[in-house]
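There are 2 protein chains.
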Amino acid sequence: MIKGLDHIAVAVSDLDAAVKLWTETFQVAVSHREIIQDQLVEVAMIKLGSLHVELISPISSDSPVAKFIEKRGEALHHFAVASESTQDELDRMKQSGIPLIDEMARAGAKGSRIGFIHPQALGGVLVEIVDHQKE
Amino acid sequence: MIKGLDHIAVAVSDLDAAVKLWTETFQVAVSHREIIQDQLVEVAMIKLGSLHVELISPISSDSPVAKFIEKRGEALHHFAVASESTQDELDRMKQSGIPLIDEMARAGAKGSRIGFIHPQALGGVLVEIVDHQKE
Chain A
4 MIKGLDHIAV AVSDLDAAVK LWTETFQVAV SHREIIQDQL VEVAMIKLGS LHVELISPIS
64 SDSPVAKFIE KRGEALHHFA VASESTQDEL DRMKQSGIPL IDEMARAGAK GSRIGFIHPQ
124 ALGGVLVEIV DHQKE
Chain B
4 MIKGLDHIAV AVSDLDAAVK LWTETFQVAV SHREIIQDQL VEVAMIKLGS LHVELISPIS
64 SDSPVAKFIE KRGEALHHFA VASESTQDEL DRMKQSGIPL IDEMARAGAK GSRIGFIHPQ
124 ALGGVLVEIV DHQKE
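Sequences listed follow chains A and B, in order. Under my numbering, the first residue of the first sequence is numbered 4, with each subsequent residue one higher. Under my numbering, the first residue of the second sequence is numbered 4, with each subsequent residue one higher.
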C-alpha cells in the first residue's frame with residue numbers, strides 16, 4: 004500500500020550552487036549530504052517542513068542523472084512514494100504488466116528498500132517506491 | 004513557515020490517457036477532475052495515500068502548460084508546498100530579493116491562496132506556495 008510521499012528529487016549540475024539557491028530561498032539548512040557511488044551522484048537533502056527535497060548532482064558523465072540533465076536540463080527528476088513493502092508493490096505491478104526498472108527491491112539509504120517504476124508506465128515520469136520497514 | 008508538501012503536478016498532453024496510466028499503475032481512482040479556465044488547463048487529481056498528484060493538461064495552445072510540454076515534453080511540472088500564510092512567505096522572499104512570479108497571493112482552488120516562486124530562484128524548478136487558512 005502506498006502511504007504518501009517519501010521525497011522529491013531535483014537534478015542539478017552544480018550541487019553547491021543549487022544548495023545556495025534552495026537554502027537562501029527557503030531559509031533552511033542542508034540536513035544531510037553524501038556521495039552515492041552506486042548511482043554516481045552526490046546528494047544534498049533540504050527539509051521544507053515535513054517535505055524532503057533531494058538535490059542530486061552527477062559525479063561522473065556516466066551517471067544517469069548526467070544524461071537526464073543533458074536531455075532535459077536541470078529539472079524535477081523523480082519523486083518517491085513511501086510504501087508498506089516495496090517488494091509487494093513491485094510484485095503487484097509486475098503481475099499487472101506495468102513496466103518496471105526494478106523487479107526486485109534493492110538496498111537504498113539507511114536500510115531502506117527501493118525500486119523504480121519504468122517511466123514508460125507513467126508517460127515519462129520517473130517514480131520510486133521506498134519502504135523503511137525492517138526485515 | 005513551510006509545513007510540507009501540498010501536491011505534485013505532472014504536465015500531460017492527453018488527460019484521459021494519463022489518468023488511465025496513473026490509475027492502472029497504482030490501482031487508485033481519480034478523486035477530482037475540473038477545468039481551471041483561468042490557467043487554460045484541465046486537472047485530474049490522484050491520491051497515493053496522503054500524496055496528491057495533479058495531472059494537468061492544456062485546454063488551449065495558449066496555456067503555459069502547452070508551452071511547457073512543447074519545450075520539455077510530458078514531465079513533472081511543479082510542486083506546491085503548504086504554508087501558514089502564502090502572503091507572508093512571498094513578502095519574506097521579496098524582501099530577500101528572491102525572484103517571484105506572484106508578489107501578491109491570489110485565489111486558488113477551494114478558497115486557498117497561492118503564489119508561484121520564479122523558476123529562476125531554484126535553477127529552473129517551479130514551486131508554488133499554498134495556504135488553506137481562512138481569513
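Be aware that one or more of the hints could be misleading.
Put simply, identical chains are the same to the list, so a pair is met inside one copy or across any two.
Unchecked claim - The calculated lysine-lysine pairs, modelled on DSS-like cross-linking and capped at a C-alpha distance of 27 Å, are: (1) 23 - 113; (2) 50 - 6; (3) 113 - 74; (4) 97 - 23; (5) 50 - 97.
Calculated directly from the structure, the hints in this document are not laboratory data. Being a predicted model, the structure only gives us computed values, none of them experimental.
Tested hints:
Taking the shortest alpha-carbon separations for residue 23 and residue 113, only the intra-copy value of 26 Å comes in at or below 27 Å, while the best inter-copy value is 34 Å. Taking CA atoms no more than 27 Å apart as the test, residue 50 paired with residue 6 passes in both settings, with 19 Å inside one copy and 10 Å between copies. In this assembly of identical chains, residue 113 and residue 74 lie within 27 Å of each other by CA distance neither inside one copy nor across copies; the values are 31 Å within and 37 Å between. When the C-alpha separation of residue 97 and residue 23 is checked against a cutoff of 27 Å, the pair qualifies only between copies, where the shortest distance is 17 Å, while the shortest distance within a copy is 41 Å.
Taking the shortest alpha-carbon separations for residue 50 and residue 97, only the inter-copy value of 21 Å comes in at or below 27 Å, while the best intra-copy value is 33 Å.
Hint compliance for this structure: hint 3 is the single one not met.
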